[in-house]
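Asks: Chain by chain, the residues:
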Amino acid sequence: MFWHGFIIGSIVVFILILAYRIIRIASLPVHLRWELAPIPHERDRSKYGGSYLEVYEWWQKPRKKSLTAVIKYMAVEILLLRAIWKYNRALWPLSLTFHAGIYLVILAILLSIIHALVSIGGATSELLLDIAWIIAITGYVLGGLGVVGLILKRISNEGLRPFSSFTTYFNLFFLGAVFLTGYMSWMKAENLAADMSLIIKQTLTLDNAINISYPLSLHIGLSLVFLIYLPMTNMIHFIAKYFTYHEIRWDDEPQDAKMTVKILGLMKQPVGWASSHIKTEEKKNWADTSSGHEKT
Amino acid sequence: MKKLKLTDIAANENTPLTELNIDELIPLPPPYDRAGDLPGFRQLTEDQRQRLVCNLDGVVSYAGLPKPENEAEKKKYIEQFLGGLKKLLDKENNWTFLQPLILSLDYCAQCQTCNDACPVYLASGRNDLYRPTYRSEIFRRLIDKYGKTGGKLRARLTGKDIRLNWATITRLYELSYRCNLCRRCAQACPMGVDNALITRELRKLFSQELGWAPKELHEKGTVLQLEVGSPTGLNPRVAIDNLEFLDEEFSEATGIDVKTVWDKQGADVLLIHSAGDIISFPESPISFTILCNAAGINWTLSSEIGGYDGVNYGLFYDDVQLARVAIRHAEIARKLGVKKIVMGECGHQHKAFITVADRVLTGDLNIPRESVMTFLENLVFSGKIEFDPSKNDFPVTLHDPCNVVRNLGIVEPQRRILRYLCPQFREMTPSGVDNYCCGGGGGLSVMSDVNFTDWKVNVSGRMKFKQVLEAFADVPGPEVNKYVCAPCLNCKLQFRDIFEHYGAKERSGIICGGLAELIVNAMVDIKTPFIKWFDD
Amino acid sequence: MAQMELAGNTYEVDENGFMQETSRWTEDVAKAYAKLEKVNELTEEHWKALNYLRTYYLANGICPMIRRLIKETGYNLSKLYQLFPKGPAQSACKWAGVPKPTGCV
Ligand code: SF4
Ligand code: SF4
Chain A
1 MFWHGFIIGS IVVFILILAY RIIRIASLPV HLRWELAPIP HERDRSKYGG SYLEVYEWWQ
61 KPRKKSLTAV IKYMAVEILL LRAIWKYNRA LWPLSLTFHA GIYLVILAIL LSIIHALVSI
121 GGATSELLLD IAWIIAITGY VLGGLGVVGL ILKRISNEGL RPFSSFTTYF NLFFLGAVFL
181 TGYMSWMKAE NLAADMSLII KQTLTLDNAI NISYPLSLHI GLSLVFLIYL PMTNMIHFIA
241 KYFTYHEIRW DDEPQDAKMT VKILGLMKQP VGWASSHIKT EEKKNWADTS SGHEKT
Chain B
297 MKKLKLTDIA ANENTPLTEL NIDELIPLPP PYDRAGDLPG FRQLTEDQRQ RLVCNLDGVV
357 SYAGLPKPEN EAEKKKYIEQ FLGGLKKLLD KENNWTFLQP LILSLDYCAQ CQTCNDACPV
417 YLASGRNDLY RPTYRSEIFR RLIDKYGKTG GKLRARLTGK DIRLNWATIT RLYELSYRCN
477 LCRRCAQACP MGVDNALITR ELRKLFSQEL GWAPKELHEK GTVLQLEVGS PTGLNPRVAI
537 DNLEFLDEEF SEATGIDVKT VWDKQGADVL LIHSAGDIIS FPESPISFTI LCNAAGINWT
597 LSSEIGGYDG VNYGLFYDDV QLARVAIRHA EIARKLGVKK IVMGECGHQH KAFITVADRV
657 LTGDLNIPRE SVMTFLENLV FSGKIEFDPS KNDFPVTLHD PCNVVRNLGI VEPQRRILRY
717 LCPQFREMTP SGVDNYCCGG GGGLSVMSDV NFTDWKVNVS GRMKFKQVLE AFADVPGPEV
777 NKYVCAPCLN CKLQFRDIFE HYGAKERSGI ICGGLAELIV NAMVDIKTPF IKWFDD
Chain C
833 MAQMELAGNT YEVDENGFMQ ETSRWTEDVA KAYAKLEKVN ELTEEHWKAL NYLRTYYLAN
893 GICPMIRRLI KETGYNLSKL YQLFPKGPAQ SACKWAGVPK PTGCV
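First to last, the sequence lines map onto chains A, B and C. Per the numbering used here, residue 1 is the first one in the first sequence, and the count goes up by one each step. Per the numbering used here, residue 297 is the first one in the second sequence, and the count goes up by one each step. Per the numbering used here, residue 833 is the first one in the third sequence, and the count goes up by one each step.
Since no wrong hints were added, every one of them can be taken at face value.
Lysine-lysine pairs mimicking DSS-like chemistry, simulated, CA-CA at most 30 Å apart:
#1 A:K284 with A:K268
#2 B:K370 with B:K511
#3 B:K511 with A:K279
#4 B:K823 with B:K555
#5 B:K635 with A:K61
#6 B:K762 with C:K918
#7 B:K555 with B:K687
#8 A:K268 with B:K387
#9 B:K631 with A:K284
#10 A:K258 with A:K241
#11 A:K279 with B:K631
#12 B:K387 with B:K448
#13 B:K387 with A:K258
#14 B:K635 with A:K64
Quick caveat, the hints were computed from the structure, so don't treat them as lab data. None of these values were measured; they are calculated from a predicted model.
Construct the complete structure from the given sequences, taking the supplied hints into account.
Replies: What follows is the structure, given as structure tokens:
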């Protein structure tokens, strides 16, 4: 039962911490507008970075927003690392190798899960396992190379070195160990994906026959510890990015009735800043401190 | 150039971290390529070194920073800094920017992609001090250490320990005014981290908690605006008086009746210029008077306190002042009963009033606000005014004010006007939303204490000056009159300082002005050239 | 606050040398400022501009627009630069003992 508990427990902890952090970010108050061009949902204008504010008396005109353009933009950003390609070409090959490694390993696990589910129903697919197996090993190799490359780059590059801390290297080494043990397991196993799929199946069905041998045990153990560690770090930037892009850079919503209610609430909060131009005898709230400067 | 470590920020509180050397900055095109030919950097006098806090880069932007006599006094300021740091992280005191701040603090991947997007860093010849990440990462580590539970221990264990002392806080203060808040770095960041925002939060901490802010932005900025009407010191009576004088002058010069409209109740449009335009670039407000009258627009200016000066320096350093000024402007418009407010040619006014303050103006204060670019585009293409583009047959290039273009996405209207009215219009590279800041962004253009102007013209304005010269590379000589169209007062002031420093008018024939002047210059009804390179 | 010695007295000035106590200004102060910028003799023409600047400032709390100065004195900009080496804002205002113009000007 150790493995069942470990696997399921780690996943639950991962989800819980991640959810907690997402809720923490999402529940922060409405902020003042701080958008930044280009905004991809501007259907006709995003090519050159234009916005609806280019329209004469824009508040009288309908707005055209494109969701597909946003999805396309994010897909290119996530899969091909557009921003690094555009602004930091020298880092791009390494970063892409590294991220591709991660994406492929995740994909291989997903395929293994699919196979496990299928096999619970009694069927198996050699082809699916072979594909997953190839994807997994490509992932381990690319990920491993990416880690080594990034560590070397961070050590050797004068711009990066001062900003790389113990944590930066620790995270990279940790991921490197995950990739390395994955690679070792692959060397040992006949078909790693088949083994993985079996373990997943046994976990899902709470099958007591579960038996994981070294080095796969080490690999899975490390991966699970990493999974718990991940949401406690800034490596969940894949989540933060949703907010920095959608809720800040691309948030160009004019105030509407729902927002007004929130803002009026926020403006009722006291202002505690100590500078002489703000501080008063009795504490004022935001609404009072910012109005009443009308002179005639 | 000395390599800097993050921990250097706390070392040797009386010694500058870096020395600026003109030879190490990126080179300018000829004839500005020989440092020896140019006025150098003003060094501080011995007396100033004694009196002022000067421990960053040999430049001082604010002489008013206190210089404590003893450790106890220093400790008091450090405590205040810590108090402010905690308020930045709190929902009541910083609801305005809490979410963007926390995201920018917590998710930087330290990839340094943003560095090469920064015009200040590039111009400096890649001086570590001016990396967008240098100040941010120090501030981030301080917040992690002092603002989070277990932070001190974690800082020690992970080797991210930054000491907080007098050197740290004074250098961070000064360093927060080595950034244009142009957000070019934010555009480049894959994570969506915004170093400009972090810089601004740092400025807020100093202003809102310690009362440290450049005197041009605060004491003689927003405070003066709310009291007297304008950071220039222009009170309502003198504002009206000046425009009456200008109306007369220009009626005489142009031969048409120039009459500025004041305080017209129920007008369609309330136009809010920057008062600095009235004083330093009077052709600009006069151009608007001419154009609005010629197009038959029902418009007005306001002579209420603050109503004739659209600047809002709060955008640069202080949320409370930002809200106060924005609400003041909206109240004036509400009283006049206008249908919309049109921004003058002022970038930060655009950003502060159209978007940032949109979530402060509730109820009937949220009056529609429009950019001058769309307003002018509509006017030019309305068919109500006759133009002769051949009157503008000189090389013109366009500067994109960051606050209008990168921040609001208003890119094309001004270009459609220029393509129509200026036969020799050419773009700079890069331009549009990828532009470089003029170097005066973030309030820097109005700051001129001690030797700060030297920094602006040599470092922050350098990339822009280079771009301007390159845009005119086909006609470099002073015999060809050239025009940099900068539809923003702050940018114009920065250009004026740059051009004066390098002698660009004399050596290259370059002047700078706004957009409305070019439109008026192309009007068939204006008989003598409206734009002048030389005074008569 | 910085101090500066002009014509034998000490005055409070800003970091760019502009007087902070306008009321303490005397004609000798103007002459002393001029000397520092290598103008050894203040002529009628100088005084016309300086007096106008000062009177305008005292009445309105702000320096006059350059256009007004030009109109009032009859000097064009080049002439003003001849008289005041660093121009109307940096030299003339300073010599007239009024604070440095600030705020987007
Ligand atoms: S701010 Fe963005 S671009 Fe700059 S180092 Fe951090 S993650 Fe990289
Ligand atoms: S906002 Fe502009 S000036 Fe400031 S760090 Fe970013 S790129 Fe540099």
